[in-house]
Amino acid sequence: MEFNRGDSEASRILRDIQALKDTKSGIEHKLSVLEARLQEINLQDDAVSNGSSAPSSTVDSGFGNGLTPDMIYRYSRHLLLPSFGVEGQANLLKSSILVVGAGGLGSPALLYLAACGVGRLGIVDHDLVELNNMHRQIIHTEAYIGQSKVESAAASCRSINSTIQIVEHKEALRTSNALEILSKYDIVVDATDNAPSRYMISDCCVVLGKPLVSGAALGLEGQLTVYNYNGGPCYRCLFPTPPPTSACQRCADSGVLGVVPGIIGCLQALEAIKIASKIGEPLSGRMLIFDALSARIRTVKIRGKSVQCEVCGDHATFDQEQFLEFDYEKFTQSPLSASPLKLNLLPSDSRISSKEYNERIINGEAHVLVDVRPAHHYKIVSLPKSLNIPLSTLEGRLPEVSSALKEEEELNGIVSDSTAQLYVICRRGNDSQRAVQYLHKMGFTFSKDIIGGLESWANNVDRNFPTY
Amino acid sequence: MQLTLEFGGGLELLCESKKIHSVNVEPQNGAAKLNMKDLLLWVHTNLIKERPEMFMKGDTVRPGVLVLVNDCDWELSGQLETSLEEKDVVVFISTLHGG
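Chain order of the listed sequences is V and D. Residue numbers are given in full-length UniProt numbering: position 55 of the first sequence equals residue 55, and the series is strictly consecutive. Residue numbers are given in full-length UniProt numbering: position 86 of the second sequence equals residue 86, and the series is strictly consecutive.
Everything labelled a hint here was simulated from the structure, so no lab data went into it. Among the clues, some could well be false.
Stated by the list, open to error - Distance condition first, Cα-Cα at most 27 Å in a straight line; then the derived DSS-like pairs of lysine-lysine: (1) D:57 - V:379; (2) V:301 - V:278; (3) D:19 - V:301; (4) D:19 - V:379; (5) V:210 - V:274; (6) D:57 - V:305; (7) V:330 - D:57; (8) D:57 - D:19; (9) V:184 - V:301; (10) V:301 - D:18.
What you are looking at is a predicted structure, and each value in this text was computed from that prediction instead of being measured.
Using the sequences provided together with the hints, build the complete structure.
Following this line, the structure appears as structure tokens:
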């Protein structure tokens, strides 16, 4: 039979895929063992030739400038720059930079910082590489999907420059570990994706006296500035009060054109390099604003250090102890790791699981499914026969819901004493609850939300249903 | 008085996704000059089409919005008291957190 043939072919392919995956992970394991061994040998060689175990140390090579012949050749194009030269490169080689976040901003920042010869480069992240990161987080390769971003980023950095020290911090940055981690570096690059982390990193930099290169990107826009540098403002001088959570959009919800964080991340590397090598004018007291659609970059003058700043101001008493006790999630009302919001607005009898909904479809229940996602989401993927009424337009489109229900009832020959059911779905199950809340208020008291939305449908009902 | 107003960082979504607005705003209540306080109220009434709470809080912009008058933070020119002149460019930009 057709069905059986397709089925057995599919299982054969699945077996082949599994076998290849096993081979691949075997090879990857061998590779990482060899890489580790090679690094050990390199470290020992350095220790022998330099009389020191730190690869970043610039022990005099006999040429008077502290650079070894290999360094002179590798960084020759830097050394040829009159305004950078041997001095700039030597400063860079002596410096240490921490990049918090190996995502869209951190990817290019780390690649350039590794390539340019920062002596010690630290990477903090707790996340794993996902397929939907690949369009912008260019430091990671497909082979690392499902593995630690820090390991993946560190491997890329080492493959570009094996002569610098790469430090892996495979953990989420929190108040409990931030002081210890940040204190080991000269410069901090904020490449995170959420408001509480940004306040926490800035405060920690103030407490420890570290300059902070801060970048952000969303959609088609980016922003960049340097905080806590040479008497300049800190993040809190600019934003003493956190914004409402509704103003803190995430790339996972609003989207981002991959190259936009790429551009900002490159500029972050540039600012970090300028500070580390002591050249040029770092972007302190100024902010660079990038608009991709109009191809415009404007650099504006922002306020200086605020006398009243609660963290860095003249009368501020904020110290390490207060930092340790400060609750950044409560302060900004949002979680430190940018996990999606999970609302619970409705009583349980107004909600059904995606599996239950599937059973009702199979049983042929008369119903209308309203999908309240924005129209451009609906275009990506949708359930068959669903009616797209974005939440923002629901108020004006209730008649459409009524007529869809009526049509469904007529189609199923339902008499007046029973009605077609009304279900509401969205991407993750938050907007659908808001919609059902509103529908209840407007008289559609029988409407129910599908818990966890299309994401739950893909996880629990149809594994082939695309997620985004 | 002829002004150019720009919205960015997502604030343009509050005014029909239009980023740049060339507008004519006259001093309010017979005053000789237009200041930022007047302009905020004018923007709130005339340009903001949805979720006004995402633009203003009390009589000023909500936390997380930077205001630039001729590419300069309004904190440096007197905030709400900043007086505006013909052809000034005022930018409202919401700070981004993504990465």
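Hints versus structure:
no., hint, result
1, D:57 - V:379, "35 Å, violated"
2, V:301 - V:278, "22 Å, holds"
3, D:19 - V:301, "21 Å, holds"
4, D:19 - V:379, "25 Å, holds"
5, V:210 - V:274, "15 Å, holds"
6, D:57 - V:305, "24 Å, holds"
7, V:330 - D:57, "20 Å, holds"
8, D:57 - D:19, "21 Å, holds"
9, V:184 - V:301, "31 Å, violated"
10, V:301 - D:18, "24 Å, holds"
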